[in-house]
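Chains as they are written, first to last, in the working numbering: chain A, 175 to 412; chain B, 21 to 254.
Among the hints, a few may not be true.
What the hints assert, rightly or not - Incomplete in silico selection of chain B near chain A, CB under 8 Å:
| id | residue |
| --- | --- |
| 1 | D152 |
| 2 | L157 |
| 3 | G158 |
Simulated from the structure, these hints should not be mistaken for lab results. Even glycine gets a Cβ: it sits at the ideal position worked out from N, Cα and C.
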Amino acid sequence: MVTTILPLTLSGATAQVHGKRILGPVDLTLGQAGVTMVIGPNGAGKTTLLRLIHGLQRQSGGTQNWAVGVDEARAAQAFIFQNPVLMRRSVRDNIAYAARLTFGRSSTTDDVVDDWIVRVGLTEQARQPASSLSGGERQKMALARALIRAPQMLILDEPTAHLDGRSTREVEAILLDAVARDTRLVMSTHDMGQARRLGSDIVFLHQGQVFETGPATGFFTHPQTPEATAFLNGDILE
Amino acid sequence: MTDIWQGILQAFWLLITLDPTLIEITARSLRVTLTAVVIATALGVPFGVWLALNRFRMRRLTIAVLNALMGLPPVVVGLLVYLMLSRAGPFGVLNLLFTPTAMIIAQVIIITPLIASIAHQASRELWAEYHDLLISLGTTRRQRLITLIWDGRRSLLTATLAGFGRAIGEVGAIMIVGGNIDQLTRVLTTAISLETSKGNFSLALALGFVLIGLSITVNLLAHILSGTERGRRW
C-alpha cells in the first residue's frame, strides 16, 4: 500500500472548547511511514490532537495541509477510540457495516468480513452481540472494523488503556501486522513500554503544546527538554 | 360490581360466539388504528431521528413544539379536522367527513407528534453513542439516518406502540369526524361511549375488555416479533 495522503503538516493549529484553548498552537509534520506515538501527561491534549487530525475536533486556528484534499485524506483514515463504539449489532455485523460502506454489499465483501473475523480471532464470538465481548475483544473488533477498509493511516487513541497484558499483546500484534502492510499509525499512549515497543518516532505533548518530536530511540535516551526528561523520570508535570 | 362481572361474562360470550357485530367493530377499529399508526410511524420516526441528527436554527423551538403537540387535545383535533373536511371547509369537496378515512386523518394528527417525540428521545441517545464512529466512517446523512433507525428499531417500536395505544383508545376526535355511524364508522371506543350513554353498562364493559385485550395482544405480538424479550443485549 502506498501512503498518498501524507505528509500532513500542521502549522499553528489550535483547538478550543467553549472558548478556551485546549490545544496549540501546534506545528507538526507527519511523514509517510512509521509509527508515531503521541505521549504526554493527562490533559496534555493527546486525544484532542488526534481528533483534530481526523476531523472529529474542530480546528479553531492555524492550517492543516495534507498531500491530497481533506475529504480524500479523511476517507483514507480510520480511528480507534479508547472506548470502542459498539453498534447494537452482532460482532460480524459491526465489522460488516464498515466493509459495506466501502465495498458495498456483495459475496466478496462477506468473504473479506469473514477473513477479518478469523484474523482478529473472533470466530467464536462472531454471532454474539458486540456488547457481550470483553474489553480486549471489543478493541480487536474495532480494529477489524477499522482495518477492513484498508486505511492508509490508522489513528488510535490509547487503544490498550483498559486492557490486560494478554489483550494488549494481541492488539499490538494486529497493529504490527497493519504496519507490515504499510499502514501508517499515529497512536497515543500512557504506556511508555508500548511507546518503546511500537514507536518509530515520538510526539511529546504538554499543556496542549508540542514540546518535543523526533525518533523514538533518541527521545527515550536523550530527551531534549526538561519537561520530557521529567515525564520520562516519572515526575508529575503540572 | 355486578355490572363488571356481567361485562366480563358478556365479553367472554361475545368472543366465543364470534358475535358478528363485535367482529365488525373490532376489525374496523384495528383497520383504522393500524392504518393511522403505519402512516404516523412513516412520518414521525424519520422526523424524530432527523431531529436528533441535525442542528439548525429553531431546533429547540421545534422540539418544544413537538413535545407540546404530544398533549394535543383530541377533541380539538377532531373539531379542526371536521372544519377542514366539512362541505364548507377547504377539503369538503373530497367528501371524507364521516368516513373511516377522516378518522384515520384525525388519528394521524394526534399520534404523529407522540411517535416523533419518543423517536427523537430514543435516537438522541443512540446518536450520542454513535456520533464519533459514524463521522469517522465518513457516513452520509442518509446513511446515518438509516443506521439510527435500524439500530434503534427496538426503542422506536416503543414509540410506535405508544402511538397505537393512544390511537386505539381515542374517542373524542373520531366521534366528531366519524360520527359513530353503525356499520360505517363505529369502532370499539365510540361503541363503548354509545352503550354507556344508553345505560347498557355490561355491553359497554364487554367492549372495553375486548379493547384492552386487543391492545395487550398487539403489544405482545410486536414485542415477540421484534425479539425484544429474547434477552438480546444490544
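Hints versus structure:
At a threshold of 8 Å, the smallest CB-CB gap from B/D152 to chain A is about 6 Å, leaving the interface hint in force. Hint status for B/L157 relative to chain A: holds, with the closest Cβ pair at about 6 Å, below 8 Å. For B/G158, the interface hint holds, since its Cβ comes within 8 Å of a Cβ in chain A; the closest pair sits about 5 Å apart.
Checked against the numbered hints above, the structure violates none of them.
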